[in-house]
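**Q** The listed protein sequences correspond, in order, to chains A and B.
Here the numbering used here is used: the first residue of the first sequence is 1, the next is one more, and so on.
Here the numbering used here is used: the first residue of the second sequence is 1, the next is one more, and so on.
Honestly, the hints are just simulated from the structure, not real lab data.
Quick reminder that beta carbons are idealized off the backbone N, C-alpha and C, glycines included.
Take the hints with a grain of salt, since some may be wrong.
If the Cβ cut is set under 7 Å, some of the chain A residues that face chain B in the computed set are [said to hold, decoys possible]:
# : residue
1 : 15
2 : 17
3 : 20
4 : 27
5 : 28
6 : 262
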Amino acid sequence: MKEKKHIDQLFKESFKNFEASPSPQVWENIQAKLKEEEDRKVIPLWIKLGGVAALLALLLTVGNSVFNPSLNNDTPTITEENTNIETQETENNIITNGNEIEKVEIAAEDKIPNKDAVKNSSDNKIKKETNISESEIAYENDTKNISDKNENRSENIIKGSEDKTSNISEAVANVKTVDNKNIPSEIEKTDTEVAVSEEENKRSIYDAIEETNSEEAVAIVNSKPDNRWEITPNVGPVYYNSLSEGSSIDPSFSDNPKSGDLNITYGVLVSYNLNSRFSVRSGLSNVNLSYSTTGIELGNGPVSVALKSVDYSKRGDVLIAVDSGTLADLNPEGEFGNVVPKSTSGEPSLNQNISYYEIPLELKYALLNNKFGVNLIGGFSTLLLDNNEVFVEAGDFNETLGEANNLSTMSFTTNIGLGLNYSFSKKLMFNIEPMFKYQLNPYTDSSVDFKPYYIGIYSGLSFKF
Amino acid sequence: MTLEELILSCKKQNLKGQEELYKKFSSTLFSVSLKYSRSYHEAEDNLQDAFITIFKSIEQFKGKGSFEGWMKRITVNTVLQKYRKQRVFNLSNEEQIKEEVEIEIEDNNVPLDFLLKIVQELPDRYRLVFTLYVLDGYPHKEISEEMGISVGTSKSNLARARKILQTKIENYNREIESR
C-alpha cells in the first residue's frame, strides 16, 4: 500500500538526519585564504608608506648632515655623560673616604678591646696598627678587581658610616683617656674630614639629580604644543598647461601644438595650527607661468591685422604671428599696406609669460603627524596679475610683441595637494608639497577656451613659533 | 578541548583551533550549504566562504544562544548573499500564482540523493525559499525580509517550488514503477 503524504513532510523527514562531508580540498582552501588575509593585513601599510618613507629617508640623510650640528647643543646624551662622570667622581671620593674611614676604624676598633694595652704602649701600637691597615688597603688596591670591590665596599661604608663614625668617636673618647694627644687629634681630623667629604658628596649627587631633573623639565616644557604658528618660506618648480585645446592668445591657434613650460614660484606661507590635525594657512608668493604655441608663421605688417588680444608696444608695422599657412590670407592690398613674410632660422614659437602674485588660503589636514607627516591640502588662491608679455622666439630671434589684454587682473584658483614633511626638531620641519591649482577666471573674455592649470612642487622649511 | 576552549582558541586566530572547529562542524554546515546551493561544487565553495566569515567574525559571538546555530546562520546568510544578487528569470506576475497547500505525494522511499538533486536544480529563489521554509522552518515574514521580497512573493515562490518538486518526484516514481 502506498502512503500519501504532504510533500513538505516528505522532505522534512528525509532531510532530518542529513549530513555530508566536504572534500578535504575545502579545508586546504580555507587555510590558504586565512593565511593570505593575514599577509594582506601587513602589506598595504608598507605599500602606502613605502614611497613616502623612501623619499624621507633620503631627505633625512641629507638633512641630518646639514642641520644636526646646530641642533644637538643641549641633547640629553651629553648631560648623561656628565652625570656619569660626576657619579664616577663621587664614587672615587667615597672610595677614598672609605679607605680613610677604614683606616681609622681598624685602628679604633682594635683599640677598644685593648684599652689596657693602649694605656701601656699606645704610641707604638697605634702606629703599628695604622701601618697594618694602610698596608692592607695598599694590598687591596693592588689587586685587580679593585673597582667591584671598592664599589661594594663604598656601599657598605655609606650604609654603616654613621655607626662607624660613632665608633670612631667612641674610640676617640677612649683614646682621650689615654692622654695621648697625637692620636685623638688625628682621629678627630679624619672624622671631620669624613663628615665634610660625605656632605660634599651628598650635595654633588643631589646637584646632579637636580640638574637632570631640571633639564627633563625643560624638555617637557618644550614638548607642549604651544607652537601654533608656523612660517614656511618655499620655492618650487611650476608647470603650466591647459586642460583644453583652446588658445588664450587667439582662437586661430586653438589646434596648434602648445606646450607648457617649467617655471619657478617662491614665497612664504604662514600657518596657524587649529589643532593637532588641522591648520589653516595663507601667505604671499610670486608665480611665473609660461607656455608656448608653435605651428605659426611670422610677418611684418600693420597693427590692424595683428593679434587682437595683444596690446602692441609699438605703432606702425609690427611683427605679426599667425597660424601656419594663413599669412597669405591677410589682405596685402588696400589701405592697410602689405604684410611681409618674415623668414626665421628656426621653428618660430609664440610665447606668453605671466607673472602673478598669489595669496593662498588653504586648509591642511594631517593624515599622519609623527616625525614623518602626510597631509592633505585644499583651498583657493587669489591671483593678482603682476605683468605679462607675449613674445616670439625663433632660433636666435626674439622679439616682444606686447602685453596680452585679455588677462584678468584678479583671478582665482582652486588648490589641492599633498604635503609631506619631516621634522628635524620641534621647531624645524622640511616640507615638500605637490600641488595642483586650477585657474577659475583667468581671462576677461569668457569666450577664450583655455583652461589653464599649474602644478607646483613646493618645498621649504617650516619654523614653528 | 571543550567547545568554549575551542571558541576561545579560534578568537585568538589560532590555526590549530580553527582546524579543530572545522573538523567538528564541517559536516553539519556542509549539509546546510548543500540544501541551499545549486550543486555539490558550489556548496563546497559556499562552505569555504562561510567558514572564512565564521573565523573572521568569531570575535562577535558573545556566547548568547547556541554556537552551532550561530554558525548555521552564517552559512545560510553566506549562500543567501551569493544567490540573492542573481535574479530568477521569468518571474513576472509571480505574485499571482496561487499557493496550493494540498500537495500530496506517494512516498516510495524516494532516496535522499534524488531529493537533494531536485532541490538543487530549482531556480535560485525557489530553492532558497523552499529550503528556508520547509527544511529549516523559517516563517514567510522572515524569509521575505532576508531575501528582500514581499511575503506574497515568498509564498508564491514556495508554491512554485513545490509544484516543480512534485512533478519531478512523480516522474521518478513512474519510472521506478515501470521498471
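**Q** Each hint: holds or not?
**A** To see whether the hints hold, each was checked on the structure:
1. 15: This hint holds: residue 15(A) lies near chain B, its Cβ roughly 5 Å from the closest one there, short of 7 Å.
2. 17: 9 Å, violated
3. 20: 5 Å, holds
4. 27: 6 Å, holds
5. 28: Violated: closest Cβ of chain B sits about 10 Å from residue 28(A), beyond 7 Å.
6. 262: 50 Å, violated
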